[in-house]
Amino acid sequence: MDTRLRVAVHKFSSCDGCQLAFLNSGADLLRLMPRVEFVHFAEAGFIAPDAPVDVAFVEGSISTPQDVERIERVRANSRYLVAIGACATAGGLQALRNDADAAAWMAAVYPRPAEIGALPVSSAIASHVPVDEEVWGCPVNEWQLLHVLQARIFGVRPAIENDKVCLECKRRQAVCVLVAQGAPCMGPVTHTGCGALCPRVRRACYACYGPAENPNAQALAARFAQLGLAPAAIARRFLSINNAAPVFHEAGIVWRERHDDHA
Amino acid sequence: MTTTREVRLCVPILARVEGEGALDLVVQDGRIETLRLRIFEPPRMFEKFLEGREYSELPDLVARICGICPVAYQMSAVQAIEGLFGIDPGPWVRAMRRVFYCGEWIQSHALHIHWLAAPDFLGYESAVGMAQAHAGVLQRGLALQGLGNAIIKLLGARSVHPVGARAGGFYAAPPAEEVAALRARLVAALPDAEALIAWAASLPLPASDQDFISVSLRHPLDYPMNEGRIVASHGLDIPVSEYETHFAERQVAYSTALFADLHGRPYLVGPLARMNLNADRLHPPVRAALARTGIVFPSRNMFHSVVARAAEIHQALLEAIGLLAGYRRPAETAAAAVPRSGTGFGATEAPRGLLWHRYEFDDEGCVRRARIVPPTSQNQGRMEEDLRGALEALGLDKEEEALRRRAEMVIRNYDPCISCATHFLRVRVARP
Ligand code: SF4
Ligand code: SF4
Chain A
1 MDTRLRVAVH KFSSCDGCQL AFLNSGADLL RLMPRVEFVH FAEAGFIAPD APVDVAFVEG
61 SISTPQDVER IERVRANSRY LVAIGACATA GGLQALRNDA DAAAWMAAVY PRPAEIGALP
121 VSSAIASHVP VDEEVWGCPV NEWQLLHVLQ ARIFGVRPAI ENDKVCLECK RRQAVCVLVA
181 QGAPCMGPVT HTGCGALCPR VRRACYACYG PAENPNAQAL AARFAQLGLA PAAIARRFLS
241 INNAAPVFHE AGIVWRERHD DHA
Chain B
1 MTTTREVRLC VPILARVEGE GALDLVVQDG RIETLRLRIF EPPRMFEKFL EGREYSELPD
61 LVARICGICP VAYQMSAVQA IEGLFGIDPG PWVRAMRRVF YCGEWIQSHA LHIHWLAAPD
121 FLGYESAVGM AQAHAGVLQR GLALQGLGNA IIKLLGARSV HPVGARAGGF YAAPPAEEVA
181 ALRARLVAAL PDAEALIAWA ASLPLPASDQ DFISVSLRHP LDYPMNEGRI VASHGLDIPV
241 SEYETHFAER QVAYSTALFA DLHGRPYLVG PLARMNLNAD RLHPPVRAAL ARTGIVFPSR
301 NMFHSVVARA AEIHQALLEA IGLLAGYRRP AETAAAAVPR SGTGFGATEA PRGLLWHRYE
361 FDDEGCVRRA RIVPPTSQNQ GRMEEDLRGA LEALGLDKEE EALRRRAEMV IRNYDPCISC
421 ATHFLRVRVA RP
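So the protein lines, in turn, are chains A and B. For the first sequence, the positions run 1 to 263 when the numbering used here is used. For the second sequence, the positions run 1 to 432 when the numbering used here is used.
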């Protein structure tokens, strides 16, 4: 009997960057093959979108009426559903259209917008179906995905760290860019997992891993204001890759309104 | 009495591409009545939400259009910004950007050749299926892909959506020891890259002879990548800023990707187009390796794209090795930027071809309007034209399965990157 873990990788509205972590793990991925069977993973050549699986990795946000139906089928066919990346966990960068006049936008890009079916909002997988695990990041990396796979091979829940990027910086003895350069670093409110990549190349974190647990977004925004950032620039810090994550969205809107009041 | 037979094939076929597409094919009286490549990329509307963002955010935002070629998006964007603001980033930045871009060509081409294309030519459904019988080939491919990623990481800290690049240059310079260690690995990989060219040329590539226009950048000295003028095989030679005077995008009802035409005709961008227009700019060892294959560029066989990709991996390795020789950390890793209002243009050669950007900035350096023309929309018209020719050459009376396989192979050969939505290509062959 085939006891391999049956795995699917599904894509919704996204850039493909998260699932690429599988193809980028090269030899490590091939080593897992005795334990894992990719049932559906179109980019790698496996097509069986409606087959039942043990674990489904879902990349991308829900942005069309067809997506809404498809994610329900994916859920029904999967024992364990893992949303991977900012698109799947928070609606992605493309959720910036949620606060805008999507119809007018479409008209500006496409000469005949009526021919294109898109929902007015781009939303996270968990707003449509129950999700068993969320792996944050834009993109998620190889280690995060291989860790989830290994945990599921053993039938346990993956242990996902919940620290902030700040702590990772300290651990790796990176110089704090907020203190040393006065750079508007999002590290104090951002979920760890990347290895504090940005501060280590001496730049401010832009929160691609999404909000950490209990982030004090408003306090950090106030700090940015002290550093001399204009309200609109503060709003943009929060309304970026993970703009639709509730804490970021709330902080961003507050500062955007402050900008509008001044304007 | 004639019976009307209509055959409808609804097969999820296009695995091994990035994106969701469908092909409608209607064959009647031994002729192709309808042939449409449909792309349903749900529009992510990047061009609109870039409005109001500051120039400094652009490299990180536009990267998210494509996880396979984020460096290309970053490099076209910084070129547009720097051109308008009048920034000269200097020789160190110029050299390191080329190295950075070499990394992306190597990883993207190695990914395409091994994960996406090779199974077609060797008769497998997936690269995983090839792992037993072609272990050496796959290992070599994965190692090259890994090296490409390592180059991007050297300057960008990670290979997908790297964080090192900025307008004016880089946030930081890698330490000399790291550079030397990586350079040694690149040198050690040269025999593999050469062997890859010979292997690609030895694949059972179908014969094909088509008349098409190639379009790419061309630079006075270098094989094009980060800069140059836009040239075409029938004589066009224009600065990047004049793209819109000669090329037009149009919408067709069945696709969310806009089609681009050059003077009303479809054209090709990507590795084969670059090779057709710039073979004289290749490093001598690449030219020698190609000469041994007997394949001559310019080529009218679209399937020589896979050989062109292999040759570009070799070229990019040699280029990076040369640029990293005698590496020193500079005093400044980026030139300062002072915003200016106006319109900036950028065009670089993404792994899949010309990637053209235009931004209008206000005097605070915020985007007023943006326009981005990716390679895949430029190749769409050419892909349809190619499919028509390739299926007719194969014989329209062939079994549906054979038509489907050939159509898939043709489409995949362009390495289309339709980074959105699911990966299904449904073929409907209607034969009344
Ligand atoms: S989360 Fe980021 S990397 Fe992942 S698919 Fe979305 S845009 Fe791409
Ligand atoms: S430091 Fe912040 S922006 Fe940079 S990679 Fe990590 S989470 Fe993303």
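Because the hints were derived from the structure by calculation, they are not lab data. Be a bit skeptical, because a hint or two may be false.
Between beta-carbon pairs, the in silico distance windows are [said to hold, decoys possible]:
1) B:136 <-> A:51: 43 to 51 Å
2) A:31 <-> B:122: 19 to 27 Å
3) B:33 <-> A:51: 28 to 36 Å
4) A:246 <-> B:54: 21 to 29 Å
5) B:402 <-> A:28: 52 to 60 Å
6) A:157 <-> B:122: 55 to 63 Å
Because the structure is a prediction, the values reported are computed rather than measured. All C-beta atoms, glycine included, are put in the ideal place defined by N, C-alpha and C.
Taking the hints in turn, this is what the structure says about them:
Checked against the hint of 43 to 51 Å, the C-beta distance between residue 136 of chain B and residue 51 of chain A comes to roughly 32 Å, which is inconsistent with it. Look at residue 31 of chain A against residue 122 of chain B: about 22 Å separates their beta carbons, and that is inside 19 to 27 Å. Between residue 33 of chain B and residue 51 of chain A the C-beta distance comes to about 35 Å, which sits within the given range of 28 to 36 Å. Our hint of 21 to 29 Å for residue 246 of chain A and residue 54 of chain B holds, since their Cβ atoms are close to 24 Å apart.
For the hinted restraint 52 to 60 Å between residue 402 of chain B and residue 28 of chain A, the CB-CB distance of approximately 37 Å leaves it violated. Evaluation of the 55 to 63 Å hint for residue 157 of chain A and residue 122 of chain B yields a failure: the beta carbon distance comes to about 40 Å.
Checked against the numbered hints listed earlier, the structure breaks hints 1, 5 and 6; every other hint is satisfied.
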